[in-house]
Amino acid sequence: GGAKEAGTSGGKLKVALLLSGPANDQGWNAVAYAGLQEAQQKFNIETAYSENVGIADGEAAFRDYAAQGYGLVIGHGFQFGEPAVRISSQFPNTKFMAIESNTYSKNAASYVMACEEAGYLMGMLAGSMSKSGVIGIVGGFEQPSIVKVLEAYKLGAKSVNPSIKVLEAYVSSFTDVALGKEAALSMADQGADVLSHCANQAGTGVIKAAEERGLLSTGDSYDQNSIAPNTVMASTIYSVPALVLTAVEKVLGNTYEGGVFNLGMKDGVVDISGYNSFEAKIPQTVKDAIAAKRNEILGGSFKVPLIETRSK
Amino acid sequence: MPTLRMSKIDKQFFGKMANEQVDFTLEQGEIHALLGENGAGKTTLMNILYGIYQADSGCIELDGKPVSIKSPKDAIALQIGMVHQHFTLVPTLTVRQNITLGLKSKGYPFVNAKELDRSIRTLSERYNLTVDPAALVGSLSVGQQQRVEIMKVLYRNARLIILDEPTAVLTPQEVESLFIVLRRLREEGHSVIIITHHIDEVLAITDRVTVLRAARNAGHVVTRETSEEELSSLMIGRKLQKIERKPLPFSFASKGLQLDSIQSKNGPLGPLSLSIPAGSIVGIAGVDGNGQKALAEVIMGIRDIESGTITLDGKPLQHLSVKERKALGIGYISDDRLKDGLVLDMDVRDNFLLSSYDKREYTSHALIDTKRVQQATEQAVFLYAIKTASLSTPVRYLSGGNQQKLIVARELGDQPKVVVACQPTRGLDIGSTEEVHSILLDLRSQGCSVLLISSDLDEILTLSDKIAVIYQGTIMDVLDHDKVDMTHLGLLMAGSKTRRSV
Amino acid sequence: MELVVLSSFLAATVRMAAPIALAALGETISEKAGVSNIGVEAIMLSGAYFSFWAMFQSGNVYVAVFAGILGGAGTSLIHAFLSLRCKADQTIAGLALNFLFLGLTSFLFLMQFGKTTTLPSITVLKPVALPLLSNIPIIGEALFAQDPFVYVLYLMVILLMVFFYKTEWGVILHAVGEAPRAADTAGIKVHAVRYLACTANGVLGGLGGAYLTLVKLGFFQENLTGGKGYIALVAVILGRRNPLGVLIAALVIGSAEALQIRLQTLGSTIPSQAFSMLPYVVTVLVLMLSMGKGHNPAALGLPYERDKR
Amino acid sequence: MAEVLVRATPLMLAALGVSVGFRTGFLNIGAEGQLYLGAISITWLGMTFPTLPAPLMLVLSLVLGFLSGGLWALIPGLLKAKFGLSEVINTIMLNYIAINLVGILVRTSLKDPTYPYPMSPMLPASTNFLQLLSPTRLHAGLLLALVCAALVYLLMFQTTLGFCMRAVGLNARACQCSGIAVSKYVIISSLISGGLSGLAGVSEIAGLHHRLIEGISPSYGYLAIIVSLLGRNNPVGIVFASLGIAALQVGSMSMQRSSGVPTSIASIIMGLVVIMILSRKSLFRCKEA
Ligand SMILES: Nc1ncnc2c1ncn2[C@@H]1O[C@H](COP(=O)(O)OP(=O)(O)OP(=O)(O)O)[C@@H](O)[C@H]1O
Ligand SMILES: Nc1ncnc2c1ncn2[C@@H]1O[C@H](COP(=O)(O)OP(=O)(O)OP(=O)(O)O)[C@@H](O)[C@H]1O
Ligand SMILES: [Mg+2]
Ligand SMILES: [Mg+2]
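Protein chains in written order, with this note's numbering: chain Y, 1 to 312; chain P, 313 to 814; chain B, 815 to 1123; chain C, 1124 to 1412.
Don't read these hints as lab results, they were simulated from the structure.
Treat the hints loosely; a few may be bogus.
To be verified - Just a sample of chain C residues kept apart from chain B, beta carbon distances all over 10 angstroms, derived: (1) Pro1173; (2) Ala1177; (3) Leu1183; (4) Leu1187; (5) Leu1197; (6) Phe1206; (7) Pro1236; (8) Pro1258; (9) Leu1261; (10) Leu1278; (11) Thr1282; (12) Tyr1345; (13) Gly1383; (14) Pro1385.
Stated by the list, open to error - Per the computed footprint, the stretches of chain P lying under chain C, defined by three or more beta-carbons under 8 angstroms from a beta-carbon of chain C, are: (15) 361-368; (16) 631-644; (17) 667-674.
Heads up, the beta-carbon is just placed ideally off N, CA and C, and yes, glycines get one too.
Pulled out of the complex, with its shape left as it was, chain Y reads as follows (with noise of 0.2 angstroms):
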């Protein structure tokens, strides 16, 4: 048990964040990371984290930071969903989110990013890019959350050139580099001259990969640009740090409240990065069909299927 009162000390709100990987991996948790900072500055919050988070230790987790008087307890992840639930209900004065889940109570959130977006402009850009007619992309683990960026991608690289081949394979690892350069290798072999990933610190080794091979790639979840600047292309960008933002804002305003919230481009939450030193290298042409293909998504006009179980 413990305190039941929660919600402010010291007139401060305190955010607390469960990282399902360590801080650094260059990829899903690090922007999570990321966004806190960002959410500390702006508010005048007070923060904690937890790395590492199993889903062993999930509920024991938000448990711990609710009875430490946490008025709003994150965690990253889809696995973080059903223990938030959970444990909603024994602290109502504090507030729960999960990111990418789908279960929801009185006080706990879920927030899905509509990461597919990105991954469909990914894909056109890979498929425009691409001089052999095959690209490659590397996923984590078989899971929703990435599934549908692959998915996207695939749809994404089809529209700028149907006879497209898209290589794709899943390491069942976040956190085997060599992993991930090793399948990336393989794609290269195969002739791929576009390697993507989404697959965190796993897709580094992707990265390296075209690197090492002068092949071009893309970059997943924030401006990977700086690992390989004469490789990554572009990145999508997941703002974690905007759905941070978002909760804080809404904790601080009262108006936070239970549901699962679907937020995407539009929202400001998932976009993709600039084109660095590629701004030049990359056609014109592919660079307007990108943009447009954006605003049509920002309008609404286009959605982009979301895909969650693995496809031919």
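Got chain Y sorted already, so can you dock chains P, B and C with the ligands onto it with the hints?
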């Protein structure tokens, strides 16, 4: 000035004195016997000399100079060599590799096998110790391994040689040739300490004798001036009775154990037939390594057979498991107590239980009746005079002789119908040997069939009703106790069937 | 085209196998001496972290390799100290090290490089094609157009074969692992030999770890070995503690890994886990096919105490 | 505090299993995999027969969990007993295979069809263990573990079966000579060893997660080896060792939450404490000798 003087040596283990104020001196060029009952502290004293143990107090002088021996390496540097009671060989290495282990020979670190083999052969010819340098030590019989141990010491130019019960595992012929080696060494100026439980050997080869009893000095005599009686009373504090094997006045109805054309599976035995009637002891005489152990293992079911039958009272045994055979009342004393007989890290009680764990008297509904086991063990320890700190002492810490007595107590204590005894008194002191012998004779008079395998020919001749000679896995002949002609026996053991006079 | 695929498959096999083989060779030496260290994972992590750190600071490959070796050896010596001096259970000591170094390397990395979203990275070693050898069709490219570490691996296998089977040192190592008492009574310093063997284990394991950062990835990340240390243990047993055998075992495991990735990219809707478990299934199958009792050193994992009987 | 007990539960069960194996000379590094097999079995049971009454469900889930963990361990057990294959390799390999198997199952036959995520549906309430100290997560799995500890103690030290298993672990050759069928006991031991780890998996699902999902075991199987050896392969020792290790883990995690130290500290402390115990224990032993 003696070449070695150990004075006032104290050593205790777990609060129990193994050596207490022990003095020991050795003259240059003598063969010196160290005698004592099992557990008297002989091995401990020698291990201190060889640097395996450190004495709690006392000092060691070599040629008048005090020395500190912190490890076997120090001992080897001081030209001390030791052949241990339990071999210290690497079974997965060859004879050559064992003999030259850790030495820097020509071409070091690379091994020049040919050169080493040659020098080993030279040495083995000089002392008449035949070994095959390329053989794997693990595949050798115990006797052959002993030879390797001695070669190891000689190869290192030891001038002070300790032999801890070297004859326990040798055949009479081998003992004889070992003695030739020892005399040769003495002539060359080496000094030898030999531990043995055979008083006849002491009288035959040594110059002086030191006796230990219960961790202390018990006497010091010159061999020429002593007698068997004096030595045995110094050792065990009483006179030894000579065991007599009397013919039984009656015969038994039971047929006993029969082996018929046994052929062991890809092994050294067969075809072999042998009968051990109830109420008799059949001794197996033979040169070590002729399938004696295989014979024992085949009877026990530890080794598989290809063909043939084994029957007890007419009932076939060959398809039964080891456990079923033991349940029928077959007791087994293996010649390798450390590997085959005991679980060293279990205590005395558990080891006693090892072959009777499922007997009804010790169990109820799969649960062990701890009290009964405790009682039975206590009784056995008392009856067989096993020296142990407590029943919950791991048997690892018992002296070799006491370990053996524990096995005897376990295997023979429960009125067996058949006893397969492999080297049952190996390493036992004279007192205990006498006890085991009388136990075997008692069993015989109760109608037990006893198969006695021993490299100690005297033991076989004293105890056996019939003596079967084994050679290369087959029985050459079976001789009656009172019709044994030693020359003939020797010839049979060497594989010759030519009959001379009977 | 077909041949190119085969050749690149072989090359990937060698790349996958190299770190495992290096660490497994080290563990082989250690186990031959009777010390079983299941902390290979810790040794590799330490080698990976310290070589990366040194490379980042100095930019000099030799310094980096040296640092990796030191890191690995240091780790292994902790294990040696615990198991030889303290007579601790070698399995627990190894497992404890795995936990310790998983945390320690990640902690040091965090302290050193802070929490950044930019990845601190170094340039990786480039493959060097050996003249002539690399021109052999198919295997030339795969085996002899590799990075220097792979050549070190080949060299180590040859050296260890000579060391184990042609020198007195090999006999000593064998004796110490098989019958330490026999070795001791023959005047060999059992503990000294074991410490040396553990050091060698650390050196090779450290190299295996350094391979991951200096050759394969060019950066460090928490838990970057991801279980390779355990796989190295498997290669040791599968290879029967024979250097050539260990190399072959590592190659078999490596090829299964390279194969499963290639199978996945062919595209099918079978869950990817079905492919991911391929290397492990292959290992079990290979073990079953290569049946026959593998002989463990008799004193493996047992502390040696001279005055214990 | 309750959280310590929650965490100690699977550690205790798996470590008991590990200890039974170790005592018999069956070096079971595969508790992790066997735990997952137990978890799979109760999930399958709950999904296939959702209407069974709770008492029956309890009995069936324990039996099935024990059997599936046990059979998983029996594979390396048989391979060792019959063909002398290294159980160390095989159990490690089976860990990876089991983890992947869970991955496949939660995406295929055990997947919740109404839910895109790779997890099984919520299991019927009849599979749930009793909650002990609501609102804490403490559940009857702890009692199960304690009962198992007592049973293992009885088994190993009071029964002939346990006697034979211990003897086989210490000197197989002597056992063979004494008529103890070595391979039989290795096989039995692997079955019991895996079975107890399987129960750990059942307990995690029935007591905590109530559905199958990847990653329910944060290395419990490997930690169990440490627990078992620290507890000197003795059930009483294991109970205390598992509480100690669990306290260490829970403590360092909540330390992270309250004072913000990185999690890596948890595994550093974990490693250091074990190393310190190892070196202290030996100092103590040196004095004793
Ligand atoms: N390392 C040890 N640890 C504990 N006790 C020991 C150790 N070595 C010897 N002892 C004990 O010291 C005593 C003397 O043993 P030792 O081996 O010297 O006897 P021994 O005279 O050689 O007997 P045996 O004729 O049976 O070989 C025994 O009680 C034995 O149990
Ligand atoms: N399975 C086997 N296959 C081939 N040869 C064997 C086998 N078992 C034993 N031998 C060999 O047959 C001979 C007899 O072996 P065994 O060990 O039974 O003799 P032993 O006289 O009892 O030896 P010891 O009395 O010294 O123990 C030995 O030279 C041994 O190496
Ligand atoms: Mg002795
Ligand atoms: Mg014999």
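Comparing the hints with the structure gives:
Under the 10 angstroms C-beta cut-off, the non-interface status given to C:Pro1173 relative to chain B holds; the minimum distance is some 25 angstroms. Interface exclusion of C:Ala1177 from chain B stands, the closest Cβ pair being 33 angstroms apart, more than 10 angstroms. Every Cβ of chain B is farther than 10 angstroms from the Cβ of C:Leu1183; the closest lies at roughly 27 angstroms, confirming the non-interface assignment. The claim that C:Leu1187 is not at the interface with chain B holds, since no C-beta of that chain comes within 10 angstroms of its own (minimum 23 angstroms).
Distance check for C:Leu1197 against chain B: the nearest CB is about 14 angstroms away, which clears 10 angstroms, and the non-interface claim stands. Here C:Phe1206 does not stay apart from chain B, with its beta-carbon only about 5 angstroms from theirs, under the 10 angstroms limit. For C:Pro1236, the non-interface assignment is confirmed: its Cβ lies about 15 angstroms from the closest Cβ of chain B, beyond the 10 angstroms cut-off. The claim that C:Pro1258 lies off the interface holds: its Cβ sits roughly 31 angstroms from the closest Cβ of chain B, which is beyond the 10 angstroms cut-off.
With a closest Cβ-Cβ approach of about 26 angstroms to chain B, C:Leu1261 is found to remain outside the 10 angstroms limit, as its non-interface label requires. For C:Leu1278, the shortest C-beta to C-beta distance to chain B comes to about 23 angstroms, beyond the 10 angstroms cut-off, and the non-interface label holds. Against the 10 angstroms criterion, C:Thr1282 stays outside the reach of chain B, whose nearest CB is about 26 angstroms from its own CB. At roughly 6 angstroms, the least C-beta separation between C:Tyr1345 and chain B is not larger than 10 angstroms, which violates its mark as non-interface.
Even its closest Cβ contact with chain B, about 12 angstroms, leaves C:Gly1383 beyond 10 angstroms, as expected for a residue assigned away from the interface. Listed as outside the interface, C:Pro1385 is inconsistent with that label: its C-beta sits roughly 6 angstroms from the nearest C-beta of chain B, within the 10 angstroms cut-off. Restraint check on the stretch 361-368 of chain P versus chain C: 0 residues with Cβ-Cβ distances below 8 angstroms, three needed, restraint violated. A count of 8 residues in the stretch 631-644 of chain P with a Cβ less than 8 angstroms from any Cβ of chain C is obtained; the coverage claim is therefore met, three being the minimum.
With 3 residues having a Cβ less than 8 angstroms from any Cβ of chain C, the stretch 667-674 of chain P passes the three-residue criterion, so the hint holds.
Of the hints listed earlier, those the structure fails to meet are numbers 6, 12, 14 and 15, in rising order.
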